[in-house]
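Protein chains: 2
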Amino acid sequence: MAESIEFTPACPLPIPEYPRLLLAHGGGGQLMHDLLERMIFPAFANPLLESRHDSAVFRLGPTRLAFTTDGYVVRPPIFPGGDIGGLAVYGTVNDLAMAGARPRYLSAALILEEGLPMETLGRILASMRGAADTAGVQLVTGDTKVVDRGKGDGIYITTAGIGTLDHELTIAPQRVRAGDAVLLSGDVGRHGMAVMAVREGLSFESDIESDCAPLHGLVQPLLDAGLAVHCLRDCTRGGLASSLIEIAESARLELRIRERAVPVREDVQGACEILGFDPLYVANEGRFVCFLPAAEADRALAILRADPLGAGACRIGEVADGGTPGRLLLESRIGAWRILDRLSGEQLPRIC
Amino acid sequence: MAESIEFTPACPLPIPEYPRLLLAHGGGGQLMHDLLERMIFPAFANPLLESRHDSAVFRLGPTRLAFTTDGYVVRPPIFPGGDIGGLAVYGTVNDLAMAGARPRYLSAALILEEGLPMETLGRILASMRGAADTAGVQLVTGDTKVVDRGKGDGIYITTAGIGTLDHELTIAPQRVRAGDAVLLSGDVGRHGMAVMAVREGLSFESDIESDCAPLHGLVQPLLDAGLAVHCLRDCTRGGLASSLIEIAESARLELRIRERAVPVREDVQGACEILGFDPLYVANEGRFVCFLPAAEADRALAILRADPLGAGACRIGEVADGGTPGRLLLESRIGAWRILDRLSGEQLPRIC
Numbered sequence: 003m004a005e006s007i008e009f010t011p012a013c014p015l016p017i018p019e020y021p022r023l024l025l026a027h028g029g030g031g032q033l034m035h036d037l038l039e040r041m042i043f044p045a046f047a048n049p050l051l052e053s054r055h056d057s058a059v060f061r062l063g064p065t066r067l068a069f070t071t072d073g074y075v076v077r078p079p080i081f082p083g084g085d086i087g088g089l090a091v092y093g094t095v096n097d098l099a100m101a102g103a104r105p106r107y108l109s110a111a112l113i114l115e116e117g118l119p120m121e122t123l124g125r126i127l128a129s130m131r132g133a134a135d136t137a138g139v140q141l142v143t144g145d146t147k148v149v150d151r152g153k154g155d156g157i158y159i160t161t162a163g164i165g166t167l168d169h170e171l172t173i174a175p176q177r178v179r180a181g182d183a184v185l186l187s188g189d190v191g192r193h194g195m196a197v198m199a200v201r202e203g204l205s206f207e208s209d210i211e212s213d214c215a216p217l218h219g220l221v222q223p224l225l226d227a228g229l230a231v232h233c234l235r236d237c238t239r240g241g242l243a244s245s246l247i248e249i250a251e252s253a254r255l256e257l258r259i260r261e262r263a264v265p266v267r268e269d270v271q272g273a274c275e276i277l278g279f280d281p282l283y284v285a286n287e288g289r290f291v292c293f294l295p296a297a298e299a300d301r302a303l304a305i306l307r308a309d310p311l312g313a314g315a316c317r318i319g320e321v322a323d324g325g326t327p328g329r330l331l332l333e334s335r336i337g338a339w340r341i342l343d344r345l346s347g348e349q350l351p352r353i354c
Numbered sequence: 003m004a005e006s007i008e009f010t011p012a013c014p015l016p017i018p019e020y021p022r023l024l025l026a027h028g029g030g031g032q033l034m035h036d037l038l039e040r041m042i043f044p045a046f047a048n049p050l051l052e053s054r055h056d057s058a059v060f061r062l063g064p065t066r067l068a069f070t071t072d073g074y075v076v077r078p079p080i081f082p083g084g085d086i087g088g089l090a091v092y093g094t095v096n097d098l099a100m101a102g103a104r105p106r107y108l109s110a111a112l113i114l115e116e117g118l119p120m121e122t123l124g125r126i127l128a129s130m131r132g133a134a135d136t137a138g139v140q141l142v143t144g145d146t147k148v149v150d151r152g153k154g155d156g157i158y159i160t161t162a163g164i165g166t167l168d169h170e171l172t173i174a175p176q177r178v179r180a181g182d183a184v185l186l187s188g189d190v191g192r193h194g195m196a197v198m199a200v201r202e203g204l205s206f207e208s209d210i211e212s213d214c215a216p217l218h219g220l221v222q223p224l225l226d227a228g229l230a231v232h233c234l235r236d237c238t239r240g241g242l243a244s245s246l247i248e249i250a251e252s253a254r255l256e257l258r259i260r261e262r263a264v265p266v267r268e269d270v271q272g273a274c275e276i277l278g279f280d281p282l283y284v285a286n287e288g289r290f291v292c293f294l295p296a297a298e299a300d301r302a303l304a305i306l307r308a309d310p311l312g313a314g315a316c317r318i319g320e321v322a323d324g325g326t327p328g329r330l331l332l333e334s335r336i337g338a339w340r341i342l343d344r345l346s347g348e349q350l351p352r353i354c
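Note that the protein sequences, when read in sequence, are chains A and B. Per my numbering, residue 3 is the first one in the first sequence, and the count goes up by one each step. Per my numbering, residue 3 is the first one in the second sequence, and the count goes up by one each step.
Any given hint could turn out to be false.
[Said to hold, decoys possible] Computed from the model, here is a short list of chain B residues facing chain A with C-beta under 8 Å:
| hint | residue |
| --- | --- |
| 1 | A58 |
| 2 | I113 |
| 3 | P119 |
| 4 | K153 |
| 5 | R352 |
[Unchecked claim] Estimated spans, in silico, between C-beta atoms of each pair:
| hint | chain 1 | residue 1 | chain 2 | residue 2 | range |
| --- | --- | --- | --- | --- | --- |
| 6 | A | E268 | B | E121 | 47 to 55 Å |
| 7 | B | R54 | A | P64 | 25 to 33 Å |
| 8 | A | D168 | B | R340 | 55 to 63 Å |
| 9 | A | T65 | B | R335 | 46 to 54 Å |
| 10 | B | T172 | A | E268 | 54 to 62 Å |
| 11 | A | G138 | B | A296 | 39 to 47 Å |
| 12 | A | P295 | B | L38 | 46 to 54 Å |
| 13 | A | E52 | B | E121 | 24 to 32 Å |
| 14 | B | D226 | A | R179 | 43 to 51 Å |
| 15 | B | A230 | A | E52 | 41 to 49 Å |
| 16 | A | R179 | B | A304 | 58 to 66 Å |
| 17 | B | P64 | A | R340 | 50 to 58 Å |
| 18 | B | H169 | A | Q32 | 45 to 53 Å |
These are computed hints drawn from the structure, not numbers from a lab. Just so you know, even glycine gets a beta-carbon here, dropped at the ideal spot from N, CA and C.
With the rest of the complex left out, here is chain A (with noise of 0.2 Å):
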């Protein structure tokens, strides 16, 4: 084709280190990063993925919409505390949540392996239905495909989502300030040990549930008191410090978090020791981080604590005024100062 003359300059470069794709490429970590970096958002390359946002917003005549998808892979589909279907809907629900948007219709393209039992595919379908029910979403389109058996893994499932924005901010790393109080939602750790347990035939003594859930109904409130929220972002993939690490990079800042003000779950904080991981970098599904100023960080608690969903809510940090831009730091337990930085690899391959 003629128009691929144009594109050419911004064709994808195979990452020469690695002629070929590696599970870790799919972790959260660095060679996601630079997997995405290097061939994915080159290729694409437009104003709107410039963003780095889990959701495009755009303008359709007056009204703003946000536009995002999600393929969700999770071994096993279900897990405790949820499954694939619930977690498709949830999930890309969430992040047009994270846009400040209201989610309000979604697609769900279903990739099956030959061997389902129908059975499961049912009780798959049936959480997709009731998550979109509590989240107040219709699913109005999809798509059904096949593979072979050995071509797939019993079901995998890819939801897009639009949401309408009521409201005229931009929400977006980008808009992160010094001085910002950094808030997190809740607990963190859940999903990720949740998933992990059930792989690894563990039996922890408390039962670790995925935190799974939606967050629209959280971040409605804080735009509705006018709150000026900068940027929102769910923990998903990678946990909350991949998060924040993506946060500070794309806003060219310094973050100071405390780990003692991180709440973990004493159960998942066990968990987290028996295999070995570290609860900042475990995958949630129901926990995100919220940036605006400072003065408005008592006044945003209140509003999220109101909720079940945001009860543990609590400030972790602040947006450095200086520092290196691009850093996250953590004060440890004992009071000293460490860099985090992404994890090399994958921690939870397929973990969403």
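Given chain A, put chain B in place with the hints provided.
Relative to chain A, chain B alone:
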């Protein structure tokens, strides 16, 4: 979840004859129809899904939007005349076009298998970008997941798309009327046979290439001319015959088409004979049928033929005034009439 009780009556029932999913459940035939009608549509039941069309159409503020999604699992991912990247863009662009929408924004979710050569990924990404540029759409949001070796097949892509409607027509199977003409935009069977030829390692005398192309440029002039288009449908999985059967059933009308009027290239016909396929059931990725009042058929054909993609457009039949609702009748080359049914299983698994 308490909410799940509310939709229990619509809860999907596993199809008892098939406790496990078969490859044929994805083939576009009777089994797929059963899967959709008995499990998937009941699970998500809502008025927008009821239209049984490729896109959901709704209003957000004053703007009419179309929204659609499709997963692409074609094997092999690169085939004569195209690849999974271009297919994933054009396929979704075409689903929007079939609702009479101008395609605007696309999302792309990649499910990549560990071990995929980066060069293949780079080539497919470049093809997606090229296709998006050709179709005048932007890929604005996306997601990348990596699954373990043996749990995928190189690359699966799910795209979703948003389009805008700048007219007030409802273009859907339910709008088809007795007496409507059935137009076809060109010869059929190329995409399916191009993929099969490379898959089976066959080389035909004349190389058959996929007809993969964006169709909205062909549809828009029909709308701009003020023609009363009743229904549009691209003839993908299951081919021309399956698309017409779906429309006949949704419209509760009888369709009558003439085999002689359906263009099939000689090399495609030959390949079909060698492999034992009926070209009427072979997938296309750049062909559609158009239903509109017979009095407007000649004007519509003239408009279609003015575009190289529609050069072979022709009238292939009519909607009967009477007959059996939901039936597709074919007048064979020797003048005999026969009923065309859905294929029970899959003719061409993983063709798109």
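Status of the hints after comparison with the structure:
1. A58: holds, 4 Å
2. I113: Constraint on B:I113 satisfied, holds at 5 Å.
3. P119: holds, 6 Å
4. K153: holds, 4 Å
5. R352: holds, 6 Å
6. A:E268 with B:E121: 47 to 55 Å: Holds - the Cβ-Cβ distance for A:E268 and B:E121, about 48 Å, lies within 47 to 55 Å.
7. B:R54 with A:P64: 25 to 33 Å: Check passed, 31 Å falls within 25 to 33 Å.
8. A:D168 with B:R340: 55 to 63 Å: At 56 Å between Cβs, range holds.
9. A:T65 with B:R335: 46 to 54 Å: With a Cβ separation near 52 Å, A:T65 and B:R335 satisfy 46 to 54 Å, so the hint holds.
10. B:T172 with A:E268: 54 to 62 Å: holds, 58 Å
11. A:G138 with B:A296: 39 to 47 Å: holds, 45 Å
12. A:P295 with B:L38: 46 to 54 Å: holds, 50 Å
13. A:E52 with B:E121: 24 to 32 Å: holds, 26 Å
14. B:D226 with A:R179: 43 to 51 Å: About 48 Å separates the Cβ atoms of B:D226 and A:R179, which means 43 to 51 Å holds.
15. B:A230 with A:E52: 41 to 49 Å: Since B:A230 and A:E52 have Cβ atoms about 43 Å apart, the given range 41 to 49 Å holds.
16. A:R179 with B:A304: 58 to 66 Å: For A:R179 and B:A304 the Cβ distance comes to about 60 Å; the hint holds.
17. B:P64 with A:R340: 50 to 58 Å: The hinted range 50 to 58 Å holds for B:P64 and A:R340, with Cβ atoms some 53 Å apart.
18. B:H169 with A:Q32: 45 to 53 Å: holds, 49 Å
Hint compliance for this structure: no hint is broken.
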